[in-house]
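Go ahead and model the full structure; you've got the sequences and the hints to work with.
If you read the sequence shown in UniProt numbering, its first letter stands for residue 1, the second for the next number, and so on.
Cut-off 20 Å, straight-line C-alpha distance, at most; resulting in silico cross-link-like pairs (SDA-like, lysine to any residue): (1) K6 x I147; (2) K175 x G192; (3) K175 x I124; (4) K99 x C139; (5) K175 x L116; (6) K93 x G83; (7) K93 x Q149; (8) K175 x V110; (9) K6 x A20; (10) K99 x D87; (11) K99 x S88; (12) K99 x T31; (13) K6 x R24; (14) K93 x S143; (15) K93 x P39; (16) K93 x Q43; (17) K99 x H77; (18) K93 x D38.
Label-pair restraints from in silico Cβ distances: (19) Q43 x N174: 32 to 38 Å; (20) F98 x I166: 16 to 22 Å; (21) R4 x V117: 50 to 56 Å; (22) K93 x G192: 24 to 30 Å; (23) G192 x S82: 24 to 30 Å; (24) D126 x T40: 15 to 21 Å; (25) S144 x A178: 37 to 43 Å; (26) S143 x R118: 34 to 40 Å.
Honestly, the hints are just simulated from the structure, not real lab data.
C-beta: ideal position from N, C-alpha, C; glycine also.
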Amino acid sequence: MALRQKLAVVTGGGSGIGRAIAHRFALEGATCVLVGRDPTKLQDAVRNLLPPVKPWDGPSPGPRDGSNAAFFAPETHHYAFSGNVQDSRFWNKLRLEFKQLDILVNAAGVAQNSLLVRTKITDIEDIINTNLVGTTLGCREASSMMIRQGVNSRPADKFKEAGCIINVSSVLANKQGAGAAVYAASKAGVLG
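As structure tokens, this is what we get:
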């Protein structure tokens, strides 16, 4: 339970890598907020993050009188946010709803499977906006929240660890493949 009482926002959490990351974070005790475009996928992913709460099968501390009491694993709630991380209103809603942000995982991504000369301009814009612009703006908003949290919670002599941002890129960022020029460029941008 290394991430207990931590809030993790995972973009692209409705499927693929984002969903797998959210699942792992949930197993580690984090409260997960899954973000994506498809509310149905997000709700399904949230429902499947953890099995229903079951009786704790570890050693029971039990009441001091020796009777056998039932103990249950702590229940963690998870949430689905359908929205655009490029929109400041999304982040304002997140701030109001949760008041903290410990981890941001930018896992949202749009793939490409066509030669550049055959790729529509709207597809190019969607790939770059999702993979690079969304990641960059997500980092900007999340880091702002995390810095405020760290500053507001620090004792006079210590600075609290404010948070963690993880950006998911691709091996194609360094080694492009046929039919993935825009995707590779967008993921290279994520690497900086």
